[in-house]
Structure formats: C-alpha cells, structure tokens
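Between the sequences and the hints, there should be enough to build the whole structure, so can you do that?
Protein chains in written order, with the working numbering: chain A, 526 to 735; chain B, 7 to 309.
Heads up, some of the hints might be wrong.
[What the hints assert, rightly or not] Computed, partial: chain A to chain B, Cβ under 10 Å:
1) 591
2) 684
3) 685
[Unchecked claim] Computed beta-carbon distance windows for the label pairs:
4) A:573 with B:20: 24 to 34 Å
5) A:588 with B:116: 20 to 30 Å
6) B:182 with A:566: 48 to 58 Å
7) A:711 with B:300: 41 to 51 Å
8) B:66 with A:529: 14 to 24 Å
9) B:254 with A:527: 29 to 39 Å
10) B:64 with A:707: 19 to 29 Å
11) A:576 with B:140: 48 to 58 Å
12) B:192 with A:600: 28 to 38 Å
13) A:724 with B:182: 47 to 57 Å
14) A:724 with B:269: 50 to 60 Å
15) A:726 with B:175: 48 to 58 Å
16) B:186 with A:581: 19 to 29 Å
Simulated from the structure, these hints should not be mistaken for lab results. Built from N, CA and C at the ideal position, the CB exists for glycine as well.
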Amino acid sequence: MDSLPSIVARSIIISGSATLIATAWSIPLAYHASTHRRLTPLVYAFEALVGIPTVLVGLLLYALLSRQGPLGWLGLLYTPQAIVIGEALLITPLLVAVSYRVLSEKSRELWELAATLGATSSQAARLVLSESLPGLTSSVIMGFSRAIGELGVALIVGGNIAGLTRTMTTSIALYTSMGEYDKAITLGLILLAITVTFSILARAVRREWE
Amino acid sequence: MGITGRKAILFVIVSLIVVAVILSIVYTQLYGSSATRLRAATTTSLYATGLLDYLSHHYEASHPNVVIDYIAVGSGEALERAARGDACIVLVHAPSLEKRYLEEGYISNHVIFAYNYFVILGPKDDPAGVRDASNAVEAFRKIYIAGEEGRALFVSRGDRSGTNVRELMIWNMTGLDPHGKDWYLETGQGMGETLVIADEKGAYTLSDIGTYLKYELEGRLHTLTVLYTNSTELINIYSAYTSTRCSSEEMGDGLQFIEWLAGSEAQSLIAEYGRGEYPHPLFYPAAGKIEYLQEAWRILANG
Chain A
526 MDSLPSIVAR SIIISGSATL IATAWSIPLA YHASTHRRLT PLVYAFEALV
576 GIPTVLVGLL LYALLSRQGP LGWLGLLYTP QAIVIGEALL ITPLLVAVSY
626 RVLSEKSREL WELAATLGAT SSQAARLVLS ESLPGLTSSV IMGFSRAIGE
676 LGVALIVGGN IAGLTRTMTT SIALYTSMGE YDKAITLGLI LLAITVTFSI
726 LARAVRREWE
Chain B
7 MGITGRKAIL FVIVSLIVVA VILSIVYTQL YGSSATRLRA ATTTSLYATG
57 LLDYLSHHYE ASHPNVVIDY IAVGSGEALE RAARGDACIV LVHAPSLEKR
107 YLEEGYISNH VIFAYNYFVI LGPKDDPAGV RDASNAVEAF RKIYIAGEEG
157 RALFVSRGDR SGTNVRELMI WNMTGLDPHG KDWYLETGQG MGETLVIADE
207 KGAYTLSDIG TYLKYELEGR LHTLTVLYTN STELINIYSA YTSTRCSSEE
257 MGDGLQFIEW LAGSEAQSLI AEYGRGEYPH PLFYPAAGKI EYLQEAWRIL
307 ANG
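Here you go:
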C-alpha cells in the first residue's frame, strides 16, 4: 500500500501538470476566439462539452492508448502521463468556455475605450489580458478542481497501480471496495480540503488584484 | 493583435510547458525506478483481501528487478485487458470465461494457484429456508420461491465478475430466470459494496468466502450470515495465465512469476495468509490437490 502523503502529492502533481498543459492551449485559444468572431462556433462546441463524462474520456483514451490501439506503441497506458493527458483533455472545454467568457467581456468593456484613449492595439491587448487575469485564474482553479476530483480517467487509463498511478480518487474507490470506509472518508476530506483551499486562494488573489 | 501581445502570449505558453516538463521530470525522478514493471490484471477479491500485495512483497524481495503492478478489476474486465495485451498476466476465478479466452488464443500457460469456497449468505432468520437445502441449486430454488412470494430479496453483482458468473451458472441449473424480477437486485459493483447492500436490505447473496470474512471481521455486516456452503459444488478456483500479446521480455518475467505462484514458497505463503487474524483460512493453496482442482475447473469451464 502507498503511504497517504505520497498519494496526495502524486494527485496534486498529476492534476497540476494536467491543468498547466490545458491552460497552455486553452487560454490562447479562448483569447484567439474572443478576437476572431468566426471562431465563436468552436467556443459553443466547447461549452457543450463542459460536462463530458469522465469515464467517457477515460474509455476513449484507453482505446487509443491500449496496445491494440492506434497510439499503443507509445507505451503510455497505466502511466501517470496517461492520466495527465486525459485530465488535460477533460478540463479543456471548461477552461476554454470560462476564459472565453472572461476575455470577451473584458475586451468588449475595454478595447474601444483603450482605442479612443489612443492606445495601440498591442497596448489594448495587454490591458485586456491583465484586466482578465483574476477571471482567468479562477477558470484555471476550476479546471484543477475538476481534474483532481475526477475518477474515471485516473481509474481507466491509470489503472490505480500502487506507487505509480494511485491517486486520491482511485484510492477512495479502492478503500470503499475493501470496506475501509474510515480511510476512504479521510481521503475524501483531504481532497475536499485541497479544492476548498485552492478556491479560497484564488479568491484572495482576485481580491488583491481588484 | 500587436507584436508584443503575441510575444507575451507565446512567453506564457512556453513557460507553462517548461514548468510542466520540469514537473514531469521531477516526478519520474521521485517515483520512477529502474526495475521492470510487470502488469497483472486481477480480480478484486484477490486484491482487496490483501493477498496479492502480501505475495508480491515476498516475490519482490527475492526478485529485486521486477515490480508487479496490479490492476484490480472484475474477472471479465481483467481477461479483456490481458487479451488486448495491456496486462501481461491475469489472475482470475471465472473458469467458463477463462475457457473462452484460452480457446481464442488470447491467454495461455494456465496455472491453478489457490482455491476457496463460495458461500450463500442471507439474513439470520432465513425466510427462504436456505439452511435446510441439500445443495446449492436447491438453495437458489428456495430463494426464488420466497422471492416470488415477497418474502426474500437477492442481491447480485451483475458485473460479469467470477462470482457473478458462478451465480448465473447456479441460476441456470435451477432452470429459473430471476432477471427482471423485482426481488432480484443487480448492483454492478464489487463484492464488498454488494455485501453491504445485501446486509442493509436483509437480502440473500453469493460471495467468495475471503471478502465475506474480511467484512465480517471489520464489523461491517450485521444481519448477513453463512447459510450454505459446500466443498465441492461451491468451489472457487483461482488461476493465473500469461497473455499471448506480452512482449518477449514481459513474457519471461510473467512466466517466472506464475511459476513462482505455483511453487512451494508461494503455496506455503498462501496457506499461512490471514492465519490468526481470521477464524477460517481465506485461501487454500492448490499444491497437492492439483488433479482434483483441474477436474473441477474443467467441469466449471464447460458449465
């Protein structure tokens, strides 16, 4: 059995990496969509996918990464990297949809104002981005919370392997199936504490900015 | 968008990717190891009772270059994962499913390494009269009649696990079909969850003895008790196989491990497991009874 601190640390590292990767492509995409009207349908598609079931993402990724699957040669199945990829894909729609909201609202508010005050378009863009930072931060925190709290992807493509891919949620499932409810609940509470702490931090950061 | 805006965004993207790469390198340094990893898909009953961690703890002590990664799922899923080559060895207890995968050439090198018994559990007051049954088929028939009369409930795993496959086989032998009856509940969950549900509902269920003893010892069960068990009809046979889709390197490790499982060291470890902690042994070693177990396996596999 894994020790509790290493399970918690592994979960934070895996979901944190997934969030960083998803942020790296989601926010530029959302920004691009907020400045190019023809990309709006893409944003609607992402909005529709916000609630995509985690087991579905897990199963599709399993079919891709399985040795018999098209990406089987990568040897990624049952590794932490597979969970990172799955969770990054899982939270992308959420990140794109929320940051698009924030960015398009701020650019509507500020772009013309900045332009009339004589700002160049790059200055205006920077103003929009910096004014959007608090909102973008909360979208990232939301993505992280969804990633760290999900079970389907971690269980199916991670395999809940002790010392390698066992995360907090897969341990909770395992402890439940072993009848060790006390341990399952303890881990559940730790998970809750982590997500609550992150959202409080985000709020504090936001207040600092505003 | 102006040049500086683009540059800023590019900078953010690059720095995020750099951070992610650094994190994953740190991660591999912290958690990676040079030993080869052998993936074993296994049934939940073997894993949740702690037997496999106990066995691989001893195995890894004498074979420091191999780490065994267990993927604990139901027997049906475990066989499917091995058939796809995503696990190199598979540890299961569903002879009729195993036979199908063997015949289709997905798994080979069959080794029987342990056995125990299934038990028919139910409420202490036993409204269906299962205690008086002379065999498992009669016990199920009594539950069916009591169910139809509204005096009993039956909780099934309903998940194509080894236990569920055996349960359906017994129903099949009664010539009665409980599916769709309002007293027949399918949980679709593991044995432990199913035991708790049966206990809460005062229902009957079929369980492997290991999971039941573990739950009983931990005080999770209040009304469930063993009403019927039998050493021949309700035998539960655990087998190990290698997947025919293993790479040659994995195959070497996999064969070595399942041969070790059948060998004297592992067999005496299995015999000792849980002694002193539980009132009955959780598992019996297969050594010394192999021919009998192979015959029983054949009968079960042919349903």
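Range first: 41 to 51 Å. Now tell me if the beta carbons of residue 711 of chain A and residue 300 of chain B are that far apart.
holds, 44 Å
Could you tell me whether the CB distance from residue 724 of chain A to residue 269 of chain B stays inside 50 to 60 Å?
holds, 54 Å
Beta-carbon spacing of residue 726 of chain A to residue 175 of chain B - inside the hinted bounds 48 to 58 Å or not
At roughly 55 Å between Cβ atoms, residue 175 of chain B and residue 726 of chain A fall inside 48 to 58 Å, so the hint holds.
Kindly confirm whether 48 to 58 Å is satisfied by the beta carbon distance between residue 576 of chain A and residue 140 of chain B.
holds, 54 Å
Between residue 724 of chain A and residue 182 of chain B, does the beta-carbon spacing fit 47 to 57 Å?
holds, 54 Å
Supplied contact hint for residue 685 of chain A, tested at 10 Å Cβ to chain B
holds, 7 Å
Return holds or violated for the Cβ distance of residue 588 of chain A and residue 116 of chain B against the range 20 to 30 Å.
Once the Cβ atoms are compared, 28 Å apart, the range 20 to 30 Å for residue 116 of chain B and residue 588 of chain A holds.
A range of 28 to 38 Å was offered for this pair. Does it hold for the Cβ distance of residue 192 of chain B and residue 600 of chain A?
holds, 37 Å
Assuming the hint says 14 to 24 Å, is it satisfied by the Cβ distance from residue 66 of chain B to residue 529 of chain A or not?
holds, 22 Å
Given the hint of 48 to 58 Å, is the C-beta distance from residue 182 of chain B to residue 566 of chain A inside that range or not?
At 56 Å between Cβs, range holds.
Cβ distance range 19 to 29 Å for residue 64 of chain B and residue 707 of chain A, holds or violated:
holds, 28 Å
Per the CB criterion, is residue 591 of chain A less than 10 Å away from chain B?
holds, 5 Å
Violation of the numbered hints given earlier is absent; every hint is satisfied by the structure.
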